[in-house]
Amino acid sequence: MWDELNSVHPGRLTLHVARYEDHVAAATLMVRVGTHAWYAYGASTTADRDVRPSNALQWDMIQLAHSSGCQIYDLRGIADTLNPDDHLFGLVQFKVGTGGYAQEYLGEWDYILRSTWSKAYGLYQSRRG
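In this text, residue positions in the sequence shown follow my numbering: the first is 1034, and each later residue adds one.
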């Protein structure tokens, strides 16, 4: 995926890594197409949550998107509720706090290329709980 997305347009897919003390605390991927940038994926450790490495990476990606001429930075999905008791409410607060707004799109779908792997993954997910 990395090679394919960056082969025609170098820098289309960028990896951002936040280090804290002696280890990686968070990492994200950003995709840029034309004047639109998307936060694609991210992961962080729970051990370093208090230093907010994911927030630092978002700021890094926003700055790169802006300096690259992007007019839109898409943080992607939010919860469908504004209930403060919802476990995703903090995510909504963060995204709106960046000056963003909610924009509804068609959605995302999976296009299954190998049904055997898809079924195996579905079984794994169902047992994982």
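In case anyone wonders, no lab produced these hints; they're calculated from the structure.
It cannot be assumed that every hint is accurate.
Once the Cα atoms are required to be at most 20 angstroms apart in a straight line, the calculated SDA-like pairs of lysine to any residue come out as [stated by the list, open to error]:
1. K1128 <-> A1060
2. K1128 <-> L1097
3. K1128 <-> N1116
4. K1128 <-> K1152
5. K1152 <-> G1130
6. K1128 <-> I1095
7. K1128 <-> A1153
8. K1128 <-> D1113
9. K1128 <-> D1143
10. K1128 <-> I1145
11. K1128 <-> N1088
12. K1128 <-> R1161
13. K1152 <-> Y1138
14. K1128 <-> Y1144
All figures in this text were calculated on a predicted structure; none of them were measured in a lab.
Quick rundown of the hints versus the structure:
1. K1128 <-> A1060: 18 angstroms, holds
2. K1128 <-> L1097: 17 angstroms, holds
3. K1128 <-> N1116: 15 angstroms, holds
4. K1128 <-> K1152: It is violated: about 34 angstroms lies between the C-alpha atoms, which goes past 20 angstroms.
5. K1152 <-> G1130: 39 angstroms, violated
6. K1128 <-> I1095: Holds: K1128 and I1095 sit about 12 angstroms apart, inside 20 angstroms.
7. K1128 <-> A1153: Since the Cα atoms of K1128 and A1153 sit roughly 34 angstroms apart, the hinted pair is violated (cutoff 20 angstroms).
8. K1128 <-> D1113: 13 angstroms, holds
9. K1128 <-> D1143: With Cα atoms ~25 angstroms apart, K1128 and D1143 exceed 20 angstroms; violated.
10. K1128 <-> I1145: Between K1128 and I1145 the Cα gap is close to 31 angstroms, so the pair fails against 20 angstroms, i.e. violated.
11. K1128 <-> N1088: 10 angstroms, holds
12. K1128 <-> R1161: 29 angstroms, violated
13. K1152 <-> Y1138: Violated, at about 28 angstroms.
14. K1128 <-> Y1144: Violated, at roughly 28 angstroms.
In this structure, the earlier hints numbered 4, 5, 7, 9, 10, 12, 13, 14 are contradicted, and the remaining ones agree with it.
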